[in-house]
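Student: Each chain, letter by letter, is given below.
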Amino acid sequence: MVEALLFWFLALVTLFGAVAMLLVPNPIYAAMSLVVSMIGISGLFAFLGADFIAGVQVIVYAGAVLVLFVMVLMLFDLKSETQAFSKGLLSRIFKVASVGFLLGGLIGVMVLEFSWILPVFMQSSPQWTMTGVKKMAQLLFTEYMFIFQILGVLLLVVAVGAVALARSRGGTHERA
Amino acid sequence: MSSELLFSLLIFAPLVGFAFNGLLGKKLGGHLYPGVIASVASFISFVASVGLFQLVSEQPEQAKYLVIHAFDWMQVGTFRLPVQFLIDPLSSIMILVITGVGTLIHIFSIGYMAEDPGIAKYFSYLNFFLFNMLILVTGDSLPLLFVGWEGVGLCSYLLIGFWYEDHEKAEAGMKAFIVNRVGDAAFLLGMFVLYSHFGTLNLLELNSLAPKEAIWNWLDPITIGTLLLFVGVTGKSAQVPLYVWLPDAMAGPTPVSALIHAATMVTAGVYMMVRLSYLYTAAPYTMIVVAAIGLLTAVLAATMGIVQWDIKKVLAYSTVSQLGYMVFACGVGAFSAAFFHLVTHAFFKALMFLGAGSVIYGMHHQQDIREMGGLNKRMPLTYWTFMIGWLSIIGLPPFSGFFSKDEIKWFALASDRGGNWIFWGLAWVGSLLTTFYMTRLMAYTFWRDKKYSADHQPHESPWVMTVPLMILAFLAATGGFLGIPHAIAQILPGHPNHWLEHWLKPVISLPTIKQGITVEYEWLLMGLSVVGSFTVAMVTRYLYLNRIDLIDRTRERFEVIHKVWVHKYYVDAFYQKYFVENLVLSSRDLWRYVDVGVIDRLVNKIADVTKELGRGFAWLQSGNMQNYAFITIIGLIIFVLFLFKG
Amino acid sequence: MKGLELFTTVTYAHFLFLSFVLFALGVLGVLLRRNLIVVMMSVELMLNAVNLTFITFAKALNQLDGQIFVFFVMTIAAAEAAVGLAIVVAIFKRFREVNIRFFQFLKG
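Chains A, B and C, in that order, give the protein sequences.
Position in the first sequence counted from 1, then plus 123, gives you our numbering.
Position in the second sequence counted from 1, then plus 122, gives you our numbering.
No gaps in the numbering here: position 75 of the third sequence is 61 in our numbering, and each next residue is one more.
Certain hints may be false.
Stated by the list, open to error - Derived contacts from chain B toward chain C, CB cut-off under 8 Å, selection only:
id : residue
1  : 130
2  : 745
3  : 746
4  : 747
5  : 751
6  : 752
7  : 756
Because the hints were derived from the structure by calculation, they are not lab data.
Virtual Cβ for every residue (Gly too), placed ideally from N, Cα, C.
Here chain A stands alone, though its shape is the one from the complex:
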């Protein structure tokens, strides 16, 4: 019962953040809503026993990425926005309908094709046989070592590329 309460609380927080991000016109508020959602997801991670990932989630997303967003927003002073959503009623309907279809499809697949997961309760699943940062680190530095290294290179390239892009004067076309 306590578990259920906890889940629903976290789920609602997360959903609230997500919906708010989608709907509020002011991008700063959207960013703040996303932070809420991120923290909710982080709680869900912890709830699922992924402590380390939960921590990383808060630090990387709520801490770093969203701060980056907010910084850019504040840098350009973008609080005013005349039109938050794309134009065209018909296209909006199509888009929403397609997303609804997608959601229905996903749920349908889960219910029909992966029905084994439906009745599995949190309580009944086995305890982590491996847990903690140590185990994860072992996996990361043995089996996934190569990918880990590649990611390092990727981040370096991204750092350089981001700087190069941001320094550009905005496109290859000369301003008219």
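We have chain A already, so just place chains B and C on it with the hints.
Tutor: Chains B and C only, in chain A's frame:
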């Protein structure tokens, strides 16, 4: 050193030389570097082949070969084609000849080609040729041999047309390439036939699977297969009826003629037949054809050689003729004799071609022997080395040509696989003709009074050219001792045996002597050959130096024959009229109606349809990112639908 | 699992359902919002939804690999955010606004 390492050195040294000269040679500039690099690469290859020869000779008698497996090329069904190389007594000698003579010719080329702007290209081709030739002789299966076979064909084409600005020379290259295509197509068919019959294309397996009994049947797959392969040989080794490209191939630089069109590439066909000796002996009908074609080529080419005025053309017809002898020897089952002649011919013909190159170089690119004369005083080194080549090719003992040609003539009579007096007689006449035109060449070039004008003083070539000549002269003079005939061996102290035959015994089929032919016959034939050649040489020399009027009168008397010979028996004209012209006409029609009318129209139609389709869908490319994302989402939905299994 | 049970017990299906909804919301954001930065935030939300699925299955199948993947996804997401924001900066410098419609000018 291990065989793998040696083998890698053997084939990769020329390849590296090729890549280096081909990519960087021009950048480096200079006229010395490319030649030196290519020569060093070739020399490394030679050293490696000496090492491999040593390794092979250390192998036990019953398994006298090395197999070097590189990688698997392909596997289709039950057909597996490993890239595997075979170094056995046969190929070990062959690689020694190729790399040895090749190195000498590389060095010679440094001098000969010194002033050519395309020297880097030249040497890279030359090295690439070596590489391909080595693949050809060491490949352990027919497909691999064919790779080298085509590779040397390509290099031959590139080098014949090396001075491609001259339209005639470019055409000569094309002619060589196209004529060889005919043979190569048959070669491929031959491979198919043999594969469908034996289920393998491995050379060793083919030889061991070949039936021990001769199969007297025209329609037997072995007969058909070997005949088709032989058509390939007539292309590559310039036999009747596909010999026409070789005389034209003299358009290339002279060292190329020495290396490719005399010493190595053109002998590839003979090599292939020697390789498959057991297969060929199992098909006696093929052997009859081979012998007949070989002998025909030997004699016809000799007659055409008599009337040539270009020093290289004389040598070219001589090469065709000598190749005819080799093929003929294969045809009577004397594979060791054929191979022996291949080796000695490589020495003396390379020597003569390089000598001719030296003469041409000294005469400032004059090739007409009518303009020469008296060069023995001007170019003593070239003269004396050329003299050894001459003595060798006319078959005077103890020079190498005597031993190998005499062996072929001996088996022409004595082999129990079709030896007879007619074969011997024709071979003998052919060798007398050889003596005649070679002596004519000597008389015109060296012995006669000088004919060159005063402002074109010939000069002796530099040492980079004369040293290879001297080494080749030494080889041409002594190479014959590789195979001392039995008759002579019997009276020599210690009875030295026929080394080459003994060495090749594990891998090739050896002929047996017909009953009733004794050693006295061998002495008799030898005597006839030597006396005949000597007499003809002396008479010819006398006629050309003192009684040139007699020659002229004879020519006028037999004007018809002379004309036929000058026109090469009208073979080229025949090909031109019935094949080339028809081909050109039909190609033009194909171009006009099929290519323009059908293929081009089809291609254009496809392009038009694509264009219209593109225009039709262009609205999708609105530039609106969110529409793109929307399409992506639709794709995602379709993907999700796929997750529903049923 | 009927009626009230749906709310009183927690199954993995709950988590998966939640992640689907989050993903759908993220997609809607990408499709509908016009501010580039908000679009990017929506992309982050989609990534997070996927992460949640990963973690859920990691727990359900008792395998740590799912968590490792989340780790990688986060790295990629951070990288993507950095590059994306750099592009946003470039767009802003050029047009003084970060509306997604400016990407139309990239059309060839």
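Student: Now tell me, hint by hint, if it's right for this structure.
Tutor: Results of checking the hints against the structure:
With its C-beta approaching chain C no nearer than about 43 Å, residue 130 (chain B) sits outside the 8 Å limit, and its interface hint is violated. For residue 745 (chain B), the interface hint holds, the least distance from its beta-carbon to any beta-carbon of chain C being 3 Å, beneath 8 Å. The beta carbon of residue 746 (chain B) comes within 6 Å of a beta carbon in chain C, closer than 8 Å, and the hint placing it at the interface holds. Hint status for residue 747 (chain B): holds, given a least beta-carbon distance of 5 Å to chain C, under 8 Å.
Hint status for residue 751 (chain B): holds, given a least beta-carbon distance of 5 Å to chain C, under 8 Å. Evaluation of the residue 752 (chain B) hint against chain C yields a held restraint, the C-beta minimum of about 6 Å falling below 8 Å. Because the beta carbon of residue 756 (chain B) sits about 11 Å from the nearest beta carbon in chain C, more than 8 Å, this interface hint is broken.
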